[in-house]
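Chains as they are written, first to last, in the working numbering: chain A, 299 to 377; chain B, -4 to 403.
Since the hints were derived computationally from the structure, they do not count as laboratory data. Glycine included, C-beta positions come from ideal geometry on N, C-alpha and C. Careful: at least some of the hints might be erroneous.
Stated by the list, open to error - Selected chain A positions facing chain B (in silico; Cβ < 8 angstroms): (1) Ala316; (2) Leu336; (3) Ala377.
Claimed, not checked - Each pair of labels, with its calculated beta carbon distance range: (4) B:Gly175 - A:Lys350: 35 to 41 angstroms; (5) B:Leu248 - A:Asp355: 38 to 44 angstroms; (6) A:Phe343 - B:Ala43: 33 to 39 angstroms.
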Amino acid sequence: VTPDTYARVQRILAKRLAIPAESIAADAKLQDLGVDSLAALELVFELEEEFKVSVPDERLPELGTVRAICDGIEALQSA
Amino acid sequence: MPAPQPVVVTGMGQVSSLGTALATFSARVLAGQAGVTRLPGLAAPGLADPIGAAIPDFDPEAWLPARLLPSVGRGAQYAHAAAVQAFTAAGLAREERPRAGVFVGTGFGGIVETEETYRRCFDGTGQRPRPNSIPLAMANAPAGFLASEFRLKGPNLTLSVACSSATHAIGQAFRLLRAGEVDLMLAGGCDAPLTPVVLAAWNSMRVLAPAGADPTRACRPFSRDRQGIVIGEGAGFLVLETLEHARSRGAALLAEVVGYGANADAGHITHPDLDGITTCMRLALDDARLPHSAVDYVNAHGTGTAVNDRLEAQAIAALFGARPLVSSTKPVHGHAMGAAGGLEALATILALQEGLAPPTANLEQPDPALPPLDLVAGTARRARLEVAVSNSFAFGGNNAVIVLRRAG
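Model the full assembly from the supplied sequences, consistent with the hints where possible.
As structure tokens, then:
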């Protein structure tokens, strides 16, 4: 995962959750950060806009941690 | 059939152009001090100089954590802030209550969010609607949110009945309580109609009062020179309980709800009907089992349009004569649409509590064409107020009237 991807994901999450970006660890689980099912959809929506990717439905369950989100985005970008 | 349960008000809260605390609302309603301003930032097509009773000091983060705000629409934020005040004033903790419900009146639902979604989709930039567009825009979002926040697991309904929405919400909650089906209800209304499209659409109907030199003077119900409505927004909520439930927990009683009338003109979609509104007030008094002579104060619908005020004055005079004090508080908090009946229920209860009928602000020259009424103008009138009526008449030919009695 590039530092750029990580920083951008962190920034979007931080804004959404109204917490400092630096408090979001790479292995933090979205559920533990208070992201419910609807908020998760909002988050994916914002990531799609930010990274100009389209996250297929079947990939959604994989996006459980910040690191998994970054991995998933970079995989989609290089696909 | 169980015996009818007396129903009491044990908490109230509001947000409006008069502030986000009951004390400021009370002081300004009784002083007739309008919260109407120019809204230069609001680009309403066709409306050169928009005005409204907006809420300048509303800080959403003072009421809800920032992370929740993207999922809570403007109207729901107002409703929540008002309900927090009402719940706190009633001395209620947030705990699971299977026999407590929420009835919310709203005319426009999630209109702020609907307009934003439409703008995204149709402004030519090719944006998609956000995933939370539906839960933000749906009319019942505030009611659902209040139930979740306060853990109220009883009946949860949203009544969208234009300008009488909140009065119906209170009236229907009253009926459920009186029948003993629930112990406690959070009831009132919320609306956030100060949007570019809504304001412009009202302007196209030619019912908005022009700004003039001083927008606080724009809305003048019952005046010879009345010139239309000023739109407001906000929320007004009551905690209603059966007397038995309120007593069991030692709650202070603010007022009693004793009657509710609901009917339809079954006539024109926007033009009020004299027989319809007269009948609705009569139904409410009959429901309260009170003679017409018992009414001491009428908080009129009093929009400030030529037609409403004329017909409402005729209806009041026909039923009650010139005995009760009559005023409209819409010049101060604006016509808050679906929230109007909530704010006006609060104003009516404050009047009963204080023994002070609030004035109709800006009423300097009563319309001589109106039948004789004891219109309160200038300053609040001190009087012994036992029974009061709050009127709400809506587009759709839909009427709602509640009857309130001083506690104790």
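Structure-based check of each hint:
no.	hint	result
1	Ala316	3 angstroms, holds
2	Leu336	6 angstroms, holds
3	Ala377	21 angstroms, violated
4	B:Gly175 - A:Lys350: 35 to 41 angstroms	59 angstroms, violated
5	B:Leu248 - A:Asp355: 38 to 44 angstroms	55 angstroms, violated
6	A:Phe343 - B:Ala43: 33 to 39 angstroms	37 angstroms, holds
Comparing the model with each earlier hint shows violations of hints 3, 4 and 5; every other hint is respected.
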